[in-house]
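Chains S and G, in that order, are what the protein sequence lines are.
The opening residue of the first sequence carries number 1 in my numbering; numbering runs sequentially from there.
The opening residue of the second sequence carries number 1 in my numbering; numbering runs sequentially from there.
Any given hint could turn out to be false.
To be verified - Dumping the calculated SDA-like pairs for lysine to any residue here, alpha-carbon to alpha-carbon at most 20 Å:
1) G:Lys109 <-> S:Asn10
2) G:Lys109 <-> G:Met120
3) G:Lys109 <-> S:Ala16
4) G:Lys109 <-> S:Gly12
5) G:Lys109 <-> S:Pro8
6) G:Lys109 <-> S:Leu7
7) G:Lys109 <-> S:Val19
8) G:Lys109 <-> G:Asp119
9) G:Lys109 <-> S:Val15
10) G:Lys109 <-> S:Glu6
Claimed, not checked - Just some of the chain S residues that point at chain G, by a computed CB distance under 8 Å:
11) Tyr13
12) Ala17
13) Ala21
14) Phe33
15) Arg35
Claimed, not checked - Label-pair ranges, simulated between beta-carbon atoms:
16) G:Leu176 <-> S:Arg38: 35 to 45 Å
17) G:Thr28 <-> S:Gln9: 24 to 34 Å
18) G:Leu77 <-> S:Ile23: 31 to 41 Å
19) S:Ile23 <-> G:Arg14: 24 to 34 Å
20) S:Leu26 <-> G:Asp4: 30 to 40 Å
21) S:Arg38 <-> G:Ile196: 34 to 44 Å
22) G:Tyr151 <-> S:Leu7: 44 to 54 Å
23) S:Pro8 <-> G:Arg150: 45 to 55 Å
24) S:Arg38 <-> G:Pro192: 41 to 51 Å
25) G:Val161 <-> S:Leu7: 37 to 47 Å
Keep in mind that the hints were calculated from the coordinates and are not lab data.
Since the model is a prediction, treat every value here as computed from it, not as a measurement.
By construction, the Cβ of each residue, glycine as well, lies at the ideal position given by its N, Cα and C atoms.
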Amino acid sequence: MPAVDELPQNGGYMVAAYVVASIFYLIYTIALFRRAARVSRGER
Amino acid sequence: MTTDLAPARALMRRGRVLVILGLVAIGTGYARALLYTPEEARQGLAQKIFYVHVPAAWAAMMAFGLVGVASALYLWLEDPRLDRFAAASAEVGVAFGSVMLTTGPIWAKPIWGTWWTWDMRLSMTLLLYLLFLGYMALRSAIDDRNERARYSAVIGLMSLVLVPFIHLTVYLFRTLHPQPIVLKPSAPSLPPEMLISLLWGVGAASLLYLGFVTLRYGIGLAQELLEDARRG
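Only chain G is shown next, with the shape it has when bound in the complex:
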C-alpha cells in the first residue's frame, strides 16, 4: 500500500525555500553588522555579538512562547495540528536557544569578565532551555500519539509563565544582563545604523524560524502518515 505524502511533501518544499531565504537573510545581516555597522565606543568589536545573540534570543523566546500558546489550545481543542506545531516549534526553539546560550557567554566574557553568572535572567533562561530538552525527550519516550500530545502540552504550558517572566527579570531583580533596548515602553535607545542592523537580524531570524518550523512540521506530518500506513 502506498501512502499519500503529498501534503507533507508540499510543506517540506515550502519549508526548504523559506529556510534558504532565512539563511541568506541571516548571512546578509551578519555582513551588514560586521562591515557596515559602527563599532560601539566602550565595548569595541565584541558589541557586534549583539546582532547574533539578540535575534537568536528573540526567535528562541518566540518559539517557546508559541509552544505555550499551541499547548493551551491543544488542551482545549485537541486538534492534532496544534500538537504537531508545538513539537516543531519546541525543536526549533532549542536550536535558536543553543545559539543564544553559546553566544551570550562569548559576549559576557570580554564585557563582564566572566562567561556566566547565576543571576535570575540567565538561570531562568537556562531552565527554560533545559525544560524544552526534557519536553523533546518526553515526546520521544511516549508511543501513544494522544497521550504524548496531552503530556507534552502540560509541560509546554509552562513556557506561558516562563517567557514573560524571563522578559521581566531585568526589571524585578539585580542582574548584569542589560535591560531591553527595543521591547520597552519608551522609544528604542540605539543609533539608527545599529537599530537597522538589529531589526534586520530579528526579521531574518523570524524568517528562518518560519522556514525551520514549516519544514519540521512537514517532517512530523510525513512521519505520522507513514506510521498510520504501517499500522493499517
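Just chain S, with the same shape it has in the complex:
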C-alpha cells in the first residue's frame, strides 16, 4: 500500500507566532498611547 503524504503537525508554532506578534503590536501601541497622553498633559 503506497505511503500517504501527511501534512506536518506544526500548528502550535503558527499559533505561537501570531500570538507573539499580536502581543508586541498591542504592547507598543499601549506604550505610545500612554506616552502621548502624558505629553499632552504637559508632562515629559
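Dock chain G against the given chain S, drawing on the hints supplied.
Same frame as chain S, but now just chain G:
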C-alpha cells in the same frame, strides 16, 4: 507660561487614528491568512507564519532604511524635523524588528529543525537590530539636541549600507533563508490567494508603520516644545 502643543497634539491625534486603522488591517490580514488562505503542501500550517513574519520584516527594513535616508539628509540640511523623524522611525523599526526576530525563529524551528543559524542573512539582521538598540541608547544619553542629532545621524547612516546588503545576502552567500519571492527581478512566485494575503499583510504593516511614526513624531515634537518652555 503655557506651551502651545497644538501642532504636536494634531499629529498625535492623526497618529492614533492611523494606528487603530493599521491594527484593524493587521487583524483582518491575520484572519484572512488563518481562515481563507490555503495550507502549503510541504510545510503545513507553520508556513502561515509567513504572513506575520514577512510584513514585519518589510516594515522593519523600511523603517531602518528611512532612518538612513533621513540621517543623510540631516547631515546635509541640519533640519531638526529630519532628526525627529529618524528618531521616530528607528524606534518603530525596533518594534517591527522585534516581531521579525521572534517570529522568524518560531518558523525556523519546525521547518529547518533549529531556532537559529549564524548565517549571513540572520546574523546581519540581528546586527542591524542591535545597532538600532544602540542608536536609541545613544539618543537617550545625550542632552544637547544638536549634538545628539549629529551623532545619531552618523550611526543612522549605516543602515543605508546594511539594509540593501541584507537584501542581497541570500544571493551572495549560502544560507538556509529563502530567496525573495516578490521583491525580485522576475514575477512573484506565489499562488494568487497566498500573494493577496501577503500583499494585504505588507500594506497593513506599512499603514501601521505610518501610524506609529506619526504618533511617535508627535510625541517627540511635544517633548521638545515642553523642554524649550522649561528652559525659557
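Consistency of the hints with the structure:
Taken as a hint, the Lys109 (chain G) and Asn10 (chain S) pair is honoured in the structure, with Cα atoms around 10 Å apart against an allowance of 20 Å. Straight-line distance between C-alpha atoms of Lys109 (chain G) and Met120 (chain G) comes to about 18 Å, which keeps the hinted pair within the 20 Å bound. Restraint check for Lys109 (chain G) and Ala16 (chain S): the C-alpha separation of about 12 Å stays at or below 20 Å, so the hint holds. This hinted pair checks out: Lys109 (chain G) and Gly12 (chain S) have alpha carbons roughly 11 Å apart, not beyond 20 Å.
The hinted pair formed by Lys109 (chain G) and Pro8 (chain S) meets the criterion: a straight-line CA distance of about 13 Å does not exceed 20 Å. As the CA atoms of Lys109 (chain G) and Leu7 (chain S) are separated by approximately 16 Å, the hinted pair is consistent with the 20 Å bound. This hinted pair checks out: Lys109 (chain G) and Val19 (chain S) have alpha carbons roughly 17 Å apart, not beyond 20 Å. Pair hint Lys109 (chain G) plus Asp119 (chain G) holds up; C-alpha atoms about 15 Å apart against a cutoff of 20 Å.
Restraint check for Lys109 (chain G) and Val15 (chain S): satisfied, since their Cα atoms lie roughly 14 Å apart, inside the 20 Å limit. Between the alpha carbons of Lys109 (chain G) and Glu6 (chain S) the distance comes to roughly 19 Å, so the proposed pair stays at or under 20 Å and holds. With 8 Å as the threshold, the beta carbon of Tyr13 (chain S) comes within range of chain G, its nearest partner Cβ sitting at about 5 Å, so the hint holds. Using the Cβ-Cβ criterion of 8 Å, the hint placing Ala17 (chain S) at the interface with chain G is satisfied: the shortest such distance is roughly 4 Å.
Satisfaction of the interface hint for Ala21 (chain S) is found here, the shortest Cβ-Cβ separation to chain G being roughly 5 Å, below the 8 Å cut-off. Of the supplied interface hints, the one on Phe33 (chain S) holds, with its beta-carbon coming within about 7 Å of a beta-carbon of chain G, less than 8 Å. With a least beta-carbon distance of about 5 Å to chain G, the hint placing Arg35 (chain S) at the interface is held under the 8 Å criterion. Between Leu176 (chain G) and Arg38 (chain S) the CB atoms are about 44 Å apart, so this pair conforms to the stated range of 35 to 45 Å.
For the pair Thr28 (chain G) and Gln9 (chain S), the supplied restraint of 24 to 34 Å holds, since their beta-carbon distance comes to about 27 Å. With their beta carbons about 39 Å apart, Leu77 (chain G) and Ile23 (chain S) fall inside the hinted range of 31 to 41 Å. In this structure the supplied range 24 to 34 Å holds for Ile23 (chain S) paired with Arg14 (chain G), their Cβ-Cβ distance being about 25 Å. Here the CB-CB span from Leu26 (chain S) to Asp4 (chain G) is close to 32 Å, well matched to the stated 30 to 40 Å.
Evaluation of the 34 to 44 Å hint for Arg38 (chain S) and Ile196 (chain G) yields a pass: the beta carbon distance comes to about 40 Å. Checked against the hint of 44 to 54 Å, the C-beta distance between Tyr151 (chain G) and Leu7 (chain S) comes to roughly 52 Å, which is consistent with it. A beta carbon spacing of about 52 Å between Pro8 (chain S) and Arg150 (chain G) agrees with the range 45 to 55 Å that was offered as a hint. The hint said 41 to 51 Å for the Cβ distance between Arg38 (chain S) and Pro192 (chain G), and at roughly 46 Å that hint holds.
Between Val161 (chain G) and Leu7 (chain S) the C-beta distance comes to about 41 Å, which sits within the given range of 37 to 47 Å.
Checked against the numbered hints above, the structure breaks none of them.
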